[in-house]
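One line per chain: the protein sequences are E and Y, in this order.
Per the numbering used here, the first sequence starts with residue 1, numbered consecutively.
Per the numbering used here, the second sequence starts with residue 1, numbered consecutively.
Treat the hints loosely; a few may be bogus.
[To be verified] Result set (BS3-like, lysine-lysine): computed pairs, CA atoms no more than 25 angstroms apart in a straight line:
| hint | chain 1 | residue 1 | chain 2 | residue 2 |
| --- | --- | --- | --- | --- |
| 1 | E | K244 | E | K294 |
| 2 | E | K248 | E | K206 |
| 3 | E | K248 | E | K321 |
| 4 | E | K244 | E | K330 |
| 5 | E | K206 | Y | K170 |
| 6 | Y | K138 | E | K248 |
[As the list claims (entries may be wrong)] Simulated DEER-style distance windows between Cβ atoms:
| hint | chain 1 | residue 1 | chain 2 | residue 2 | range |
| --- | --- | --- | --- | --- | --- |
| 7 | Y | P144 | E | Y88 | 40 to 50 angstroms |
| 8 | Y | L18 | E | N148 | 40 to 50 angstroms |
| 9 | Y | D99 | E | L207 | 36 to 46 angstroms |
Just so you know, these hints were derived from the structure itself, not from any lab.
The beta-carbon is built from N, C-alpha and C at its ideal position, and this holds for glycine as well.
Listed below, chain by chain, are the residues.
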Amino acid sequence: MDLFADRRGAVYFFRFFVLLILSGIVIIIPRKNQKAVYISRGDSRLSLLIRMIWLIPVAIIFLFTIYYPVGDWDGMSHWIMKSKVMYYYQGLNFEYTHHNVYPILWPLNVAVQFVLAGGMFDVPAKWTSGALFLVFFAQLVEGLRILNITLRKALPVAVLLILVAFQDIFKVYYMKNFINANAENIFLAFLTATVVMLLLWFRDGKLRSLVLAGVMSVGLGLAKFEGWVAVICILISLFMVRNKIREKWPLLIFLLGILLPLLWAVWIQTHGFLHNFSHYTDAPTLRKLIFLLKTEFLVSVRHNMTILFYASIVYMLLFGKKGPLIDSEKFLIVLSGLLIGFDCFVNISLTPEQISRGIPEAFPRLFLHAMPSYFLFWSSRCLIDSRGQNG
Amino acid sequence: MSLVTNRKISRFLYILFLAGLLSVLFYQFLGLFSDFLKTSQYVTKVGFNRQRVIDLHVSSVGREAQKYLPDDAPVQLTEGLNINRIGIRYRVFPHKVVDQAPFVIDGHANISNSFFEKRNLGGGFYLYAAPGYHFVNKRLTTEPPYSVQIFRSMFFTVFLCIFGMLVLRKTGFVGISWCSLWFLSFGYLLGFFIVTVSVWIYLLIGGALSISSVFLSC
């Protein structure tokens with residue numbers, strides 16, 4: 001019996017939506033000067049209707065997420081398994097679980113819902129995963145609006161990103177992101193919320209935005225191990241862009257995002273739950289590095305999200321606005337670069353067999369972590385003209 | 001002319017770019033017709049019945065085994081179950097999967113000892129009990145209806161949303177509509193963070209995870 005057998009119907013269904021959105025982008029964007037073709041400014045009902053149509057794929061991904069039971073490897077293996085264990089033992093007992101060094105913000109929230117529901121059911125986990133997906137999408141759209149991109153452009157472009165990340169149109173049976181019960185959705189939600197708050201801070205300079213960005217970064221650090229890395233990347237990007245920040249104390253909140261996961265690791269170690277740290281068992285070598293990069297490149301040219309990434313770079317070079325980068329753009333591109341770099345090199349300590357077997361799944365998933373910030377950067381360069389106006 | 005900016009670009013590059021994009025689209029449209037046929041077959045097979053979706057996608061072996069295992073009895077899985085191993089381990093909890101146990105789940109007919117008691121778990125899987133150990137016949141706790149579970153989760157989500165939005169208001173985010181999608185979603189995330197971290201701290205200082213502790217932490 002194959003647990004993942006026959007998801008193909010849903011996959012086929014979604015390929016149609018991917019194509020719909022791609023077609024929409026091609027048809028709509030070039031006609032910027034023909035307002036009547038897409039939205040008549042005076043016709044708010046039509047514009048609302050079109051916005052609702054854009055949201056249909058998002059709603060369908062959400063429905064898929066809450067409808068499917070927990071069935072993914074990471075969800076069953078340790079994330080929701082930890083929720084069950086915490087619920088059953090009514091506390092922080094990790095004798096039966098593995099990857100215990102990972103922070104537990106996600107499984108603990110599900111465990112709390114198990115308590116409220118009075119049993120270990122899949123629905124709270126999947127519902128929360130779906131809610132976090134919607135949060136991620138809403139934050140993404142808000143990020144675009146902070147960058148002065150109108151909803152008319154922000155919605156279709158955000159939906160396009162969601163769809164290409166959701167399902168790889170080059171592989172019929174491959175539908176992984178967003179609908180699973182692993183920690184990807186909580187990671188993306190907290191990462192995007194942090195970035196959005198920082199963009200707001202770049203724009204208005206208000207202290208509260210920086211403080212809330214710091215709070216979100218703590219959530220990011222407590223979501224999963226990659227979140228801890230992302231907080232470091234955010235801090236590096238922030239200092240590279242603004243090395244003189246007037247109010248320094250909010251940065252201490254960001255430091256909590258780095259410190260608390262480390263303290264959690266110490267707690268796990270001292271309580272004897274550190275059964276294994278990670279998958280990494282093999283020393284890095286130059287030969288393996290070359291093999292890793294070659295494998296990742298081959299994966300990237302066969303995955304629609306990375307293909308879109310390459311195409312978007314070409315598009316940006318050809319059609320994007322020229323001129324100096326503003327602070328928010330500098331921040332976004334440095335952050336994207338660091339996260340993509342992490343994705344490329346983090347698996348250097350796997351064995352060659354593990355690289356061959358694991359990279360086709362791991363590389364696109366980690367690549368998705370860099371996409372929100374890169375996508376916001378791209379939109380800022382390509383969807384508004386050199387005068388800072390929408391097209 | 002650029003698609004969205006006013007910068008002039010080479011017509012050749014513009015056509016090249018569009019040709020690349022259209023070729024990707026064309027590649028996708030090739031498989032579209034058969035996709036529609038297969039989608040209709042899938043819908044015919046599964047319909048909109050959630051139990052059928054579960055049966056199709058998730059191993060029920062672990063849950064079936066729970067019916068026959070004595071309380072707290074550990075269970076052993078034979079080698080080679082792969083992804084099913086993870087699924088069974090997840091579903092059979094609170095029974096632990098260990099290396100050696102008197103109760104064994106096998107999906108490959110590895111066990112041919114006639115002294116073993118045997119129960120059919122469906123999907124080609126069997127549960128065996130070693131000599132001297134016996135199965136029980138338990139009635140598992142009935143899962144609440146799907147709509148009830150969704151309602152409970154939705155209630156919790158709304159609570160986190162309102163809690164987070166109130167905190168946002170306190171931090172100076174006034175004048176934003178309560179129905180703003182950004183405000184709702186950011187409020188949810190903030191509520192999620194504050195409530196869960198509070199429970200986490202409560203557990204770290206020795207508290208037990210129970211309904212009272214959840215409300216106490218909030």
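We went through each hint and held it up to the structure:
1. About 40 angstroms separates the Cα atoms of K244/E and K294/E, which puts this hinted pair outside 25 angstroms; it is violated.
2. Distance check on the hinted pair: K248/E and K206/E sit about 13 angstroms apart at the alpha-carbon level, within 25 angstroms; holds.
3. Annotation: proposed proximity of K248/E to K321/E is violated, straight-line Cα distance about 33 angstroms (limit 25 angstroms).
4. Restraint check for K244/E and K330/E: satisfied, since their Cα atoms lie roughly 15 angstroms apart, inside the 25 angstroms limit.
5. Restraint check for K206/E and K170/Y: the C-alpha separation of about 15 angstroms stays at or below 25 angstroms, so the hint holds.
6. For the given pair, K138/Y sits about 61 angstroms from K248/E by alpha-carbon distance, which is inconsistent with the 25 angstroms threshold.
7. For the pair P144/Y and Y88/E, the supplied restraint of 40 to 50 angstroms is violated, since their beta-carbon distance comes to about 18 angstroms.
8. Between L18/Y and N148/E, the C-beta spacing of about 27 angstroms breaks the proposed range 40 to 50 angstroms.
9. Roughly 56 angstroms separates the CB atoms of D99/Y and L207/E, a value that falls outside the hinted 36 to 46 angstroms.
Hints 1, 3, 6, 7, 8 and 9 from the list above are not met by this structure, while the remaining hints are.
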